[in-house]
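Participant: Knowing the structure of chain Z, use the given hints to seat chain G on it.
If you read the protein sequences in the order shown, they are chains Z and G.
The numbers in this note's numbering rise by one with no breaks, and the one at position 99 of the first sequence is 124.
The numbers in this note's numbering rise by one with no breaks, and the one at position 421 of the second sequence is 466.
By construction, these hints were calculated from the structure, which means they are not laboratory data.
Model, not experiment: these values are computed from the prediction.
Just so it is clear, CB atoms sit at the ideal spot from N, CA and C, and this is done for glycine as well.
Incorrect hints may appear among the rest.
As the list claims (entries may be wrong) - Distance condition first, Cα-Cα at most 16 Å in a straight line; then the derived EDC-like pairs of lysine to aspartate or glutamate:
1) Z:K98 with Z:D61
2) Z:K211 with Z:D159
3) Z:K142 with Z:D48
4) G:K542 with Z:D38
5) G:K667 with G:E479
6) G:K542 with Z:D36
What the hints assert, rightly or not - Estimated spans, in silico, between C-beta atoms of each pair:
7) G:E521 with Z:N27: 16 to 26 Å
8) G:E521 with Z:F209: 49 to 59 Å
9) G:E521 with Z:L182: 50 to 60 Å
10) Z:A145 with G:E528: 54 to 64 Å
11) G:R545 with Z:N27: 37 to 47 Å
12) Z:Q148 with G:L473: 57 to 67 Å
13) G:I529 with Z:T155: 32 to 42 Å
14) Z:N27 with G:T496: 36 to 46 Å
15) Z:V151 with G:E521: 52 to 62 Å
Claimed, not checked - One side of the interface only, derived from the structure: several residues of chain Z facing chain G at Cβ under 8 Å:
16) L88
17) K123
18) P133
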Amino acid sequence: MNPTVHIVDDDTDFREGLAWLLDSRGLPTRSWTGGDTFLQAVRSGEVPNACCVVLLDIRMEPLSGLATFEQLKAFPWPWPVLFLTGHGDVSMAVAAVKNGAWDFLEKPFQNNLLVDKVEAARQAAVTLHTESQDRLRFQQALAALSAREREVLTELLAGHYNKNIADHLGITQRTVEFHRANIFEKLQVQSAVELAHRMGRLGSGSGG
Amino acid sequence: MLAMLAGNPAAMATEPTLDFHALDLDTRQASALTRRAVAWLGALLLLVAASAVAMVLFLRSEEAREEDRRRTADAEWLDQTLRFHFRRLEGDLGVLALQARQGGNPTSAPPRTGPWWQDAGLVTAHGWLPAGQADPELWPAFLRKAAAREPGNAAALATMLDTTRGLQRAAYAGPLAAADGQAQQLWLAVPLFEQGRFVGDYVAAVPVDRLLAAMIPAWFLQDHRLGTAPDTATAPSKTGFLAPVNLPGAQWRLRVEALGDQAPLAPRAFFAVALLCLTGMLLTLVALWRDIQRRQRAEARLQTQLALRTAMERSVALGLRAWDQAGHLLYANPAFGRLVGWTPQELVAHTGAPPYWPSEQGDEFEQMRSQAGDAAAQAGTELQLHHRDGHRLDVLVHSAPLALASGEVVGWVGSALDITERHRIERLAARQQELLEASGRLVAMGEVASTLAHELNQPLGALSSFATGLLNRVREQRITLDEIVPVVERMERMAEKAGRVIQRVNAFARRQDMTRLPLALRPFVARVAAGVPLPEGVALELQLPPGDGPTMPADALLLENALHNLVLNASEWAPRSGRTPARVRVELVNGEGMVGVRVADSGPGVPPEQLGTIFDAFASHKPGGMGMGLAICRSIAEAHHGRIEVERCADLHGAQFTLWLPTT
Numbered sequence: 026m027n028p029t030v031h032i033v034d035d036d037t038d039f040r041e042g043l044a045w046l047l048d049s050r051g052l053p054t055r056s057w058t059g060g061d062t063f064l065q066a067v068r069s070g071e072v073p074n075a076c077c078v079v080l081l082d083i084r085m086e087p088l089s090g091l092a093t094f095e096q097l098k099a100f101p102w103p104w105p106v107l108f109l110t111g112h113g114d115v116s117m118a119v120a121a122v123k124n125g126a127w128d129f130l131e132k133p134f135q136n137n138l139l140v141d142k143v144e145a146a147r148q149a150a151v152t153l154h155t156e157s158q159d160r161l162r163f164q165q166a167l168a169a170l171s172a173r174e175r176e177v178l179t180e181l182l183a184g185h186y187n188k189n190i191a192d193h194l195g196i197t198q199r200t201v202e203f204h205r206a207n208i209f210e211k212l213q214v215q216s217a218v219e220l221a222h223r224m225g226r227l228g229s230g231s232g233g
Numbered sequence: 046m047l048a049m050l051a052g053n054p055a056a057m058a059t060e061p062t063l064d065f066h067a068l069d070l071d072t073r074q075a076s077a078l079t080r081r082a083v084a085w086l087g088a089l090l091l092l093v094a095a096s097a098v099a100m101v102l103f104l105r106s107e108e109a110r111e112e113d114r115r116r117t118a119d120a121e122w123l124d125q126t127l128r129f130h131f132r133r134l135e136g137d138l139g140v141l142a143l144q145a146r147q148g149g150n151p152t153s154a155p156p157r158t159g160p161w162w163q164d165a166g167l168v169t170a171h172g173w174l175p176a177g178q179a180d181p182e183l184w185p186a187f188l189r190k191a192a193a194r195e196p197g198n199a200a201a202l203a204t205m206l207d208t209t210r211g212l213q214r215a216a217y218a219g220p221l222a223a224a225d226g227q228a229q230q231l232w233l234a235v236p237l238f239e240q241g242r243f244v245g246d247y248v249a250a251v252p253v254d255r256l257l258a259a260m261i262p263a264w265f266l267q268d269h270r271l272g273t274a275p276d277t278a279t280a281p282s283k284t285g286f287l288a289p290v291n292l293p294g295a296q297w298r299l300r301v302e303a304l305g306d307q308a309p310l311a312p313r314a315f316f317a318v319a320l321l322c323l324t325g326m327l328l329t330l331v332a333l334w335r336d337i338q339r340r341q342r343a344e345a346r347l348q349t350q351l352a353l354r355t356a357m358e359r360s361v362a363l364g365l366r367a368w369d370q371a372g373h374l375l376y377a378n379p380a381f382g383r384l385v386g387w388t389p390q391e392l393v394a395h396t397g398a399p400p401y402w403p404s405e406q407g408d409e410f411e412q413m414r415s416q417a418g419d420a421a422a423q424a425g426t427e428l429q430l431h432h433r434d435g436h437r438l439d440v441l442v443h444s445a446p447l448a449l450a451s452g453e454v455v456g457w458v459g460s461a462l463d464i465t466e467r468h469r470i471e472r473l474a475a476r477q478q479e480l481l482e483a484s485g486r487l488v489a490m491g492e493v494a495s496t497l498a499h500e501l502n503q504p505l506g507a508l509s510s511f512a513t514g515l516l517n518r519v520r521e522q523r524i525t526l527d528e529i530v531p532v533v534e535r536m537e538r539m540a541e542k543a544g545r546v547i548q549r550v551n552a553f554a555r556r557q558d559m560t561r562l563p564l565a566l567r568p569f570v571a572r573v574a575a576g577v578p579l580p581e582g583v584a585l586e587l588q589l590p591p592g593d594g595p596t597m598p599a600d601a602l603l604l605e606n607a608l609h610n611l612v613l614n615a616s617e618w619a620p621r622s623g624r625t626p627a628r629v630r631v632e633l634v635n636g637e638g639m640v641g642v643r644v645a646d647s648g649p650g651v652p653p654e655q656l657g658t659i660f661d662a663f664a665s666h667k668p669g670g671m672g673m674g675l676a677i678c679r680s681i682a683e684a685h686h687g688r689i690e691v692e693r694c695a696d697l698h699g700a701q702f703t704l705w706l707p708t709t
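Okay, chain G solo, but in the shape it has when bound:
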């Protein structure tokens, strides 16, 4: 289409492109393609969904691991932080122990520096316990009070003190219940050695809640709640965990509970968005799939329709063509190709005047376009086309505008029906009809003749019998005069009877009256001659003067009968001489006060011995003829006060009949 229109940019610019190749299109391939694409898309979607699930699983495990890591880190950090502070406290206590050994009251002169000592309530009790006072009975008051609080406290404190002595390093105990109620305290003892000899412990108590509040940074406490976990506690919940603090001798575990939702929001949000997108895609895909289903159904219907139409279009014997607005042939169906002997491709590719169009018929496109707009031409126009091998076809042509759904005319469509065969069959049928009628007339004629013969035979036969019988008797003189009279009378009656038969026949024959009216001869002759069905291969030539020609009084019906007979006769004899082409010529000739209608043929002519009898009734020389045609012609000529002549035609060498009619 584009290639075809390339030579005509103006047309291409103004017209929507019409794809006439859709007539040859196979949509099955396209629909298979679509199906494959959908399959791929579905597989892809499955992959995406699977990866989404995997992603969820991965995220969850990753989150759990991350949480775990964070808790471990928190626990270690807590442990280190607290141990760091306790080591510092151990140092401080060591200094205090030294001071206490050298005398002086450690409580009155504590090292007032460091975080431990800024808050007064952080170290609730501390004191020097020299060696030798290991027995709980000898402990200072604050220690004894603490030991008395709970049953196991004394043992724990004693173990702590033993440990310091034995291991020569600081030891812890607790957390133990403190004197002021619920608050628990951690106990800590720092030994002091002088030259390898144990001289005493410096013991201090730290309340756990104060410790945590003071030593753990505020940012951590903001979103965590800390507390001492009971010995039996396991990991309390999803939001909390246990963090052991490794202080030698102390069984201290912290319970850390996260405050508020600690789950990381961003990945979830991202994931939710991604999921949303995926769901959206899924829905879109489902919608797309349904749409494709609908399309496929529609396509299947369309394909069936198209297949049907293509089959129809290919099977019809009707030739179809389409032009664009500029008159370029866009399309020709195979039937048209067969009709004219060129393939549709050749026709479409052809430039210039169409090869099948006889130039004397004018421009094909113009004619077709004017016909499409002409309501009177809806019955079609009979035209001729050239076949590739040179012969001509009679076609019946229809055309119509090619309009889009919007009503815009984008081209023209024309059909061509081959009526050569139809014409031939029509001629043949007319000829058959003529023959049938002729044979019918022959039968009727035979019947009339037979009846007439019988009617006449009876009285004539009887008459003859009586006459012969009478003659026989008279010759032998076996009869008297009296006997003769009745017989002769009877014979007379029979002769009258025969006469009456003849009268009846005459009356019957004259029943048709003749009406002579003015008749313009030229159009009359042209019409009648053209109406005679000609046999195959016989050409009719009319040599008539221009205008209406002479006018004369005549009975048109009778004259038509005569002329029809003459032309039919000539057309039957014309091919019998073997000369080709077989010709029949009808012309008008002028005589003295008469006009002649002359019918000549290229047949064998009339043999001289038949010239005298050719117009007699029952003198046919034609197989199946009854010999009435020329007799009737003569009767009609005579009824018009004219005559009929036969001679040899000088140039056609056949017979030449001239029907002379008076002009007045």
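Isolated chain Z (complex conformation):
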């Protein structure tokens, strides 16, 4: 996994300097002349909605970095977005971070520090990617449970013992144990505690 770094800046020198810098540290980069061209590429699928990092300059014409970010979030776009700010728009960048951006980099920056931050964002992207894969698998496994198994799962999550579950569902305790073993196997967990943990972390919501 080697996430691409998308550089979105309308200043040619700056954009190419940044690309040159990141390239010197072996990071794969792709440059965009503005927020609109980048959004278009995302919409058309030219840029896959997959593990990557975006560097957005705040001050751009005609579409500003913040506006681009807003539209990007609507896709939705889980991947880290970093803002590049000049003097005076730090407060905007802080607001953007509160609004879900990964981080901001204030110009003029210590170049290698910048690369480190971008690297950290890339790691985060990879983690996110992995996690989303896990979630996907877990969701699929959940979907694969039979109706009776789902009932047993609900009882388990409610913290009942096998005996109580058998009474509640009107089945024998052995059958409950059988279902429970099946659930554990399908969801790839070792214990009820781990099951509850994974359900809490991955079980809710969609893949996003």
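Facilitator: Coordinates of chain G only, in the frame set by chain Z:
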């Protein structure tokens, strides 16, 4: 008013008295009084009219009664007069009867005395009729002739004769128609008895018209016409009446008619005059009433006007006063009283210098009077007044002569508008404006700085990226010399780009040219320092040499900017030490070939660690400051080949900035 002027008889003698208390007068009471008086007058008039009518009625009835009385009296008088004369005639006839009894001819020897016999025609016929000749056949000729005249005459005469015999006294008959036509006659018979035996009658005839003419006095006949009334007659008219004459046996009534207007003239005349007077009074009263109506309407209008003016006069915040010619305060309105803390009554009663007038402003009255005549002072004069509690007020004063309609000036009126608050608000507004402009400058400055940072950031950031990237590659020896050259060339271009930005900024900053012209420092400093809006409670002291002070070539606009900044800065810091009073002092000091404008304050002073950086740009220590003020001051000082210094002020214990400027 009179009491006030009592101390000044000369003024009272020459001036018409002006009643300023009319301002407080309530006219409703007066008009109610007038209305009541009119009501009383109307009632009185009604009474007079009623009594006039009663008087007329009374007069009429009284007159009628009087007339009645007079007629009765006349009738009685006529009766008595005639009866008196007839009794005398009876006596005469008795004498004649005696003579006739003793023989002799009574007609030939009549008693020729008395009124009856002076007029020959008064007793037309008389003769003796002895007893035994009672039968009409035996009557003498004159009697028979009379009896033959009318059918009833004989019977009447016979009755008369019978009556004399029976009653033994004289009897009358008639009036009967006489022989000579229309003239009527009264017959009269007087019996004669001898020793109780009837011996005869002496009969006489008297024509009525002659009788009346002879026996009734002329004064009565002058205004009355007398005649015999027929038996059937009643009271003939208003002017006539019937008067019966009681002669036994005769049915004789006189008709008396008054000749001419007998009504008494005097009471009527008096009454007419009285009526005339009454009518005149009535007309006068009506006129008076209408006049009062008009007056009341005018008064109502006046009252409305007065109420309006009084309300206005009481509601205005403008203090008003009035003086007489001699300078005595005659009037002060409540607003003025509130303004200075004394009641108007106290002010008017006060003698000597007015208590609210600060003595160093000269004489109030003189000043006011000179101002009223001065066309240039129409915009008002700003003065100060003492309040009762000691604080001072700023007031705007106007004055004007108090002239009567005739144009005669009888006093002076002055108004005083409290502008303390206005001054405070003006200062506050100026201060707000200053702050607004400062914050505006701050925003503009921030915008400039932000733009500049962006402009420089782009090439510098790119330059730095290229350099780091290059360095990374060179360190890892991943780059060939051929690859390095274009990158370095590009970096050079970007460095040039950054340089151009700086050049543009410089060009912009130097756009304002400086013009140094000779400047007289003292008035300049005084003007600029006084123009700085000071916060509440900060006192500005100017210690400047007399005259214009030194003159030097300077750009007045730039220098004003610098000095304004310094004074404003000092006035903002002065109150922050907590020492009172907060003071700012501006003075001129002399150095070697230089003149210093020194601005000192009583503030906390400059901490020693800030002394080195205080003139640097963006080094503000003031909330909301952008740190450009002192930097600009230094730039301006340097542009004038001078310098600026900061130290601790020895006596005010605050900061002390000195702007040194060369004199040449």
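Participant: Work down the list of hints and note, for each, if the structure agrees.
Facilitator: Hint by hint, here is what the structure shows:
1. Z:K98 with Z:D61: Between K98 (chain Z) and D61 (chain Z) the Cα gap is close to 14 Å, so the pair holds against 16 Å.
2. Z:K211 with Z:D159: 14 Å, holds
3. Z:K142 with Z:D48: 15 Å, holds
4. G:K542 with Z:D38: It holds: about 11 Å lies between the C-alpha atoms, which stays within 16 Å.
5. G:K667 with G:E479: Distance of about 15 Å is within 16 Å: holds.
6. G:K542 with Z:D36: 13 Å, holds
7. G:E521 with Z:N27: 16 to 26 Å: 18 Å, holds
8. G:E521 with Z:F209: 49 to 59 Å: 50 Å, holds
9. G:E521 with Z:L182: 50 to 60 Å: 54 Å, holds
10. Z:A145 with G:E528: 54 to 64 Å: Taking Cβ atoms as reference, A145 (chain Z) and E528 (chain G) lie about 29 Å apart, which means the hint is violated.
11. G:R545 with Z:N27: 37 to 47 Å: Given a distance of about 40 Å, which is inside 37 to 47 Å, the answer is holds.
12. Z:Q148 with G:L473: 57 to 67 Å: Holds: the Cβ-Cβ distance is about 59 Å, inside 57 to 67 Å.
13. G:I529 with Z:T155: 32 to 42 Å: 39 Å, holds
14. Z:N27 with G:T496: 36 to 46 Å: This hint holds: roughly 39 Å between Cβ atoms.
15. Z:V151 with G:E521: 52 to 62 Å: 24 Å, violated
16. L88: 17 Å, violated
17. K123: 21 Å, violated
18. P133: Given a least distance of 5 Å, the restraint on P133 (chain Z) holds.
Checked against the numbered hints given earlier, this structure breaks hints 10, 15, 16 and 17; the rest are met.
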